[in-house]
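Spelled out, the chains give:
2 protein chains.
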Amino acid sequence: MVTMYKMKHINYKDVKAERVEEGAKDTTIRWLITSKDGANHFAMREFEIKSKGYTPLHKHDWEHEVFILEGKGIVISNGKEERFKKGDVFFIPSMEEHQFKNTGKKMLKFLCLIPYKED
Amino acid sequence: MVTMYKMKHINYKDVKAERVEEGAKDTTIRWLITSKDGANHFAMREFEIKSKGYTPLHKHDWEHEVFILEGKGIVISNGKEERFKKGDVFFIPSMEEHQFKNTGKKMLKFLCLIPYKED
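Note that the protein sequences, when read in sequence, are chains A and B. The working numbering numbers the first residue of the first sequence as 42 and each following residue consecutively. The working numbering numbers the first residue of the second sequence as 42 and each following residue consecutively.
Hints may contain errors.
You can't tell identical chains apart in this list, so a pair holds if it fits in one copy or across any two.
What the hints assert, rightly or not - Simulated crosslink set (DSBU-like; lysine-lysine; CA at most 35 Å straight-line):
| hint | residue 1 | residue 2 |
| --- | --- | --- |
| 1 | K66 | K142 |
| 2 | K47 | K93 |
| 3 | K142 | K49 |
| 4 | K66 | K93 |
| 5 | K121 | K100 |
| 6 | K121 | K47 |
Derived from the structure by calculation, the hints contain no laboratory data.
Model the full assembly from the supplied sequences, consistent with the hints where possible.
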């Protein structure tokens with residue numbers, strides 16, 4: 042059976058923000074576009090990190106494509122730190138260690154997209 | 042030979058904005074993350090449309106994942122119009138007709154991600 046998908050149109054705030062556990066601090070995730078919408082190749086998620094919060098320091102066998110929507114912070118990758126701000130873009134290859142920290146006073150918001158991999 | 046890719050970190054404004062032709066009006070595209078960076082599954086592009094400009098009304102056999110960064114406008118899809126604003130999210134399935142128009146006075150900016158498909 043072929044399922045026909047239609048255009049989905051929401052605001053990101055319509056999606057429930059879920060708490061990110063395991064190694065994160067004050068971080069939530071919204072799954073904005075997923076395979077349930079018919080998106081079979083990649084998923085769009087929105088993260089929010091409170092001041093002084095962070096995502097886990099980890100690595101995994103899929104890549105990230107990131108766009109910073111609001112706020113500022115640092116990425117820690119392979120022992121080095123890089124500052125980032127609104128409008129910055131990251132490609133983080135598969136198996137590269139990474140962590141996002143909010144070093145500002147306001148909420149840090151970014152998109153982080155991941156593949157649905159078959160390889 | 043296996044090419045090792047490293048984290049890429051830029052600001053979207055670092056990328057040259059190229060004019061979109063064929064059916065578009067006052068629209069530019071920036072290719073922010075592509076297969077040249079090691080992104081083999083999907084590409085991140087940023088579009089800017091001036092007031093009263095638009096993307097082509099078209100359809101194609103790949104999907105779009107869209108996030109509205111700034112501005113407002115309408116999407117035309119299958120003869121219907123939907124208004125959108127900053128923070129809105131679209132999933133446009135493969136083969137669904139679509140067009141983005143800037144109906145505001147300010148620049149419309151959005152991300153539009155597409156798959157590198159093998160199917």
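Going down the list of hints, with the structure as the test:
{"no.": "1", "hint": "K66 to K142", "verdict": "within (9 Å within a copy, 40 Å between copies)"}
{"no.": "2", "hint": "K47 to K93", "verdict": "between (40 Å within a copy, 26 Å between copies)"}
{"no.": "3", "hint": "K142 to K49", "verdict": "both (31 Å within a copy, 17 Å between copies)"}
{"no.": "4", "hint": "K66 to K93", "verdict": "within (8 Å within a copy, 43 Å between copies)"}
{"no.": "5", "hint": "K121 to K100", "verdict": "within (15 Å within a copy, 43 Å between copies)"}
{"no.": "6", "hint": "K121 to K47", "verdict": "between (43 Å within a copy, 13 Å between copies)"}
Violated hints are absent here; each numbered hint is respected by the structure.
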